[in-house]
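Trainee: One-letter residues, chain by chain:
Number of protein chains: 2
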Amino acid sequence: MKTFDKPAIIAALDLDLALRRIEEGFIAYSAGKVQVPPVQAFSFARANGDCCIKSAYLEGSDTFTVKLSTGFYDNPALGLASNDGLMLVLSACTGAPLALLADGGWLTAMRTALAGRIVAQLLAPGRVEAIGILGTGTQARLQLEQLMPVTGCRQVVVWGRSTAGLLGYRAFAEALGFAVRTVAEPKAVAEACNLIVCATPSREALLRHAWLQPGTHITAVGADAPGKQELEPALVASAQRIIVDSRVQCSQYGEVAHALKAGLIAQGQLSEIGAVLAGHAPGREHEGQLTLADLTGVAVQDAQIARCAFEALQG
Amino acid sequence: MKTFDKPAIIAALDLDLALRRIEEGFIAYSAGKVQVPPVQAFSFARANGDCCIKSAYLEGSDTFTVKLSTGFYDNPALGLASNDGLMLVLSACTGAPLALLADGGWLTAMRTALAGRIVAQLLAPGRVEAIGILGTGTQARLQLEQLMPVTGCRQVVVWGRSTAGLLGYRAFAEALGFAVRTVAEPKAVAEACNLIVCATPSREALLRHAWLQPGTHITAVGADAPGKQELEPALVASAQRIIVDSRVQCSQYGEVAHALKAGLIAQGQLSEIGAVLAGHAPGREHEGQLTLADLTGVAVQDAQIARCAFEALQG
Chain A
1 MKTFDKPAII AALDLDLALR RIEEGFIAYS AGKVQVPPVQ AFSFARANGD CCIKSAYLEG
61 SDTFTVKLST GFYDNPALGL ASNDGLMLVL SACTGAPLAL LADGGWLTAM RTALAGRIVA
121 QLLAPGRVEA IGILGTGTQA RLQLEQLMPV TGCRQVVVWG RSTAGLLGYR AFAEALGFAV
181 RTVAEPKAVA EACNLIVCAT PSREALLRHA WLQPGTHITA VGADAPGKQE LEPALVASAQ
241 RIIVDSRVQC SQYGEVAHAL KAGLIAQGQL SEIGAVLAGH APGREHEGQL TLADLTGVAV
301 QDAQIARCAF EALQG
Chain B
1 MKTFDKPAII AALDLDLALR RIEEGFIAYS AGKVQVPPVQ AFSFARANGD CCIKSAYLEG
61 SDTFTVKLST GFYDNPALGL ASNDGLMLVL SACTGAPLAL LADGGWLTAM RTALAGRIVA
121 QLLAPGRVEA IGILGTGTQA RLQLEQLMPV TGCRQVVVWG RSTAGLLGYR AFAEALGFAV
181 RTVAEPKAVA EACNLIVCAT PSREALLRHA WLQPGTHITA VGADAPGKQE LEPALVASAQ
241 RIIVDSRVQC SQYGEVAHAL KAGLIAQGQL SEIGAVLAGH APGREHEGQL TLADLTGVAV
301 QDAQIARCAF EALQG
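As given, the protein sequences belong to chains A and B, one line each in that order. Heads up: the first sequence runs through residues 1 to 315, numbered per full-length UniProt numbering. Heads up: the second sequence runs through residues 1 to 315, numbered per full-length UniProt numbering.
Chain A on its own, in the form it takes in the complex (with noise of 0.2 Å):
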């Protein structure tokens, strides 16, 4: 079994193929060509600290992939970071070890960001005023990377808790060529943009469903357990199309899950991504249309990413 690093990974890996595989993984997924066990998820009360192992198998690939990601919050004061993770690639048809991807992380927060890409491209409105993001971390920055080749605004305008989170941002977000607007409040996001991406760890609701435009779309990645909530769920509620990318994760402890729990949404109403890239729901119907896509994070994703960066390292 061969090791890679981070750097190699990050110079193997080619995005536009790794999107086309995690849209592959989406419709497999949602037509149950994928065997996805249950996530194992750990917490170290101690260490402020967590760890979630999600595995896949695509059925017919002659891979599968283990993933571990870990988050301790408390590493930051430690000098560590807060996040560290790898992948372990197998072969499908020996079992043997393959390749180990000691990635620190980045590959899932890649293969997010490409999913906030794939339902960009889908519920987008056609004429985007302003890019509106929640949030100024590592997933923040990758999301609005991957909305430049979605849409041709270059307006952002930027909310985070943190001064110094947001002055990053802004040089960040400049440097790939946007104007830059900071603001105190979410609400003042969402009445600037009608494109709009949550990424952050909250726990509570940052936006509500009076503040918005019409014909605006959301993509919330921040709900990936249990507890994590960026959106009211009357916001959810009202949304006219709402994209999961699991109905049984998003069921469990996406945004959906607080709407569904208040009897705000039903079932019925959730559509997976994988279905719509299929052609077997409709994604945006029209420009007035507010629309949802719900990101909690399927192995499926870790699975085919994997298989790109290593199909890529094996040269």
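These are computed hints drawn from the structure, not numbers from a lab. Here a beta-carbon is modelled for each residue, glycine too, at the ideal position from N, C-alpha and C. It cannot be assumed that every hint is accurate.
As the list claims (entries may be wrong) - According to the in silico footprint, chain A covers these stretches of chain B (three or more CB under 8 Å from chain A):
1. 69-77
2. 84-90
3. 97-111
As the list claims (entries may be wrong) - Derived coverage of chain A by chain B (criterion: at least 3 residues anywhere in the stretch with Cβ under 8 Å from a Cβ of chain B; other residues may be distant):
4. 56-67
5. 84-97
For chain A, the structure is supplied; the task is to place chain B on it using the hints.
Mentor: This is chain B only, laid out in the frame that chain A set:
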């Protein structure tokens, strides 16, 4: 993260310390002090293979473990071993991956054999007439080795499906100092032995109650997945003490699962190894008792043996 190969792991592991750690692990597991997420299982129909991922964290430990084990049963035709595997040891303080134990499944085989020793210590009759072994593979060998500290008996009666397997086992056991008798039917094992280990991948009952001597102890390690079975359910029902590594797991797919499903025994008859070790449930009570230990393999065993190997390898 450091990678250690099988020879280094074998050289470093102190088996007596591993035994104690696994006993501590069973006690903690039965006391509800171990996080054991659901097992992840894959099936690769085309390649006649499977993979399972078992992870555990014993509360208070500095590390936690994720274990992958694969079985690809057409591998021998390709000149490869059927079983492979590895364990990852991670920090429970920072989430950092600390070690990859590329043991090829050896640690799993050894923790299973050590569990066999633990239950034999608790349940074997005081006077062992002869040791009986069903199976001639790696686990059938390790189990015999691990019974040597438990009993002075050096008579072994072994049954297996293949003549070559029996010849190989004879040479192995004679080298350990055993007088060896190979037999053509499991019945002959039951009639001659009062300490029996079943270590086959059988999918049908091999042993029947009617053949057994009074006071026999049976350890069954083969039924580690749905569909596997080594004992007649009536034999399970006739045991006066039934010890299991995990009530939940054994009720799903262990030997006791078949007897539970048939309504021949009740959940209340099952005691966990950890409860017996902690003194909360009895082991063997008298020489006449028929006793049974059903081992399906619990992730806490992996976590404890991996931790033990990791600490030794760190020096």
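Trainee: Compare the structure with each hint and give your call.
Mentor: Hint check:
1. 69-77: Satisfied; 4 residues make the cut.
2. 84-90: holds (count 4)
3. 97-111: Check passed, 3 qualifying residues.
4. 56-67: With 3 residues close enough to chain B, the hint holds.
5. 84-97: Result for this restraint: holds, n = 10.
In this structure, none of the earlier numbered hints is contradicted; all agree with it.
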